[in-house]
Amino acid sequence: MEHRDRREHPVNPASVNRALTSKRPKPGRRHRVENDEYAAFTRRVVRAYAKRVATGDVDALTDMVGLSVELDRAIGRAVIGLRAYGYSWAEIALRLGITRQAAQQRWGGAA
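Quick note, this note's numbering runs 62 ahead of the 1-based positions in the sequence shown.
None of these hints come from the bench; they were simulated from the model. One or more hints might be untrue.
To be verified - Straight-line C-alpha distance at most 20 Å; calculated SDA-like pairs for lysine to any residue:
{"no.": "1", "residue 1": "K113", "residue 2": "G128"}
{"no.": "2", "residue 1": "K113", "residue 2": "D125"}
{"no.": "3", "residue 1": "K113", "residue 2": "L123"}
{"no.": "4", "residue 1": "K113", "residue 2": "L133"}
{"no.": "5", "residue 1": "K113", "residue 2": "M126"}
{"no.": "6", "residue 1": "K113", "residue 2": "T124"}
{"no.": "7", "residue 1": "K113", "residue 2": "V127"}
{"no.": "8", "residue 1": "K113", "residue 2": "L129"}
{"no.": "9", "residue 1": "K113", "residue 2": "A101"}
{"no.": "10", "residue 1": "K113", "residue 2": "F103"}
{"no.": "11", "residue 1": "K113", "residue 2": "A102"}
{"no.": "12", "residue 1": "K113", "residue 2": "S130"}
Please work from the sequences and hints to get the whole structure.
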């Protein structure tokens with residue numbers, strides 16, 4: 063069977079059977095898919111890790127602090143992504159309980 067490059071045969075939108083074609087999300091804001099559950103899972107993992115460290119693994123404390131640094135970086139990447147997705151500084155700040163100016167000062171230079 064020969065592989066064909068799709069660019070050679072552009073698809074005419076009128077010929078596409080919409081019932082058989084998966085729906086693509088429209089550009090704009092995404093639906094929040096399982097993020098609440100994922101965040102809850104992450105919190106449980108971090109709490110469990112803290113309990114393990116607290117039972118005497120003093121060397122693992124360094125790794126926990128490394129997680130804190132990584133989390134700060136991840137938050138920065140998330141904010142940059144939300145801004146690229148069209149969220150305003152005011153919308154981001156509202157969710158964090160801070161001012162628009164504080165959010166922009168903290169993450170605005172990261173873009």
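Here's how the hints hold up against the structure:
1. As the CA atoms of K113 and G128 are separated by approximately 17 Å, the hinted pair is consistent with the 20 Å bound.
2. About 14 Å separates the Cα atoms of K113 and D125, which keeps this hinted pair within 20 Å; it holds.
3. With a C-alpha separation of about 11 Å, the suggested pair K113 and L123 falls inside the 20 Å cut-off, and the hint holds.
4. Of the supplied pair hints, the one linking K113 and L133 holds, its CA atoms being roughly 19 Å apart against a limit of 20 Å.
5. Taking the CA atoms of K113 and M126, the gap is near 11 Å; set against the 20 Å cutoff, the hint holds.
6. About 15 Å separates the Cα atoms of K113 and T124, which keeps this hinted pair within 20 Å; it holds.
7. Under the criterion of a C-alpha separation no larger than 20 Å, the hint pairing K113 with V127 is consistent with the structure, at around 14 Å.
8. At roughly 15 Å between alpha-carbon atoms, K113 and L129 fall within 20 Å of each other, so this suggested pair holds.
9. Simply put, K113 and A101 have alpha-carbon atoms about 19 Å apart, close enough for the 20 Å limit, and the pair holds.
10. At most 20 Å may separate the alpha-carbon atoms for a hinted pair to count; K113 and F103 meet this at roughly 16 Å.
11. The suggested pairing of K113 with A102 holds, with an alpha-carbon distance near 17 Å, which does not exceed 20 Å.
12. With a C-alpha separation of about 16 Å, the suggested pairing of K113 with S130 holds against the 20 Å cut-off.
In this structure, every one of the numbered hints holds.
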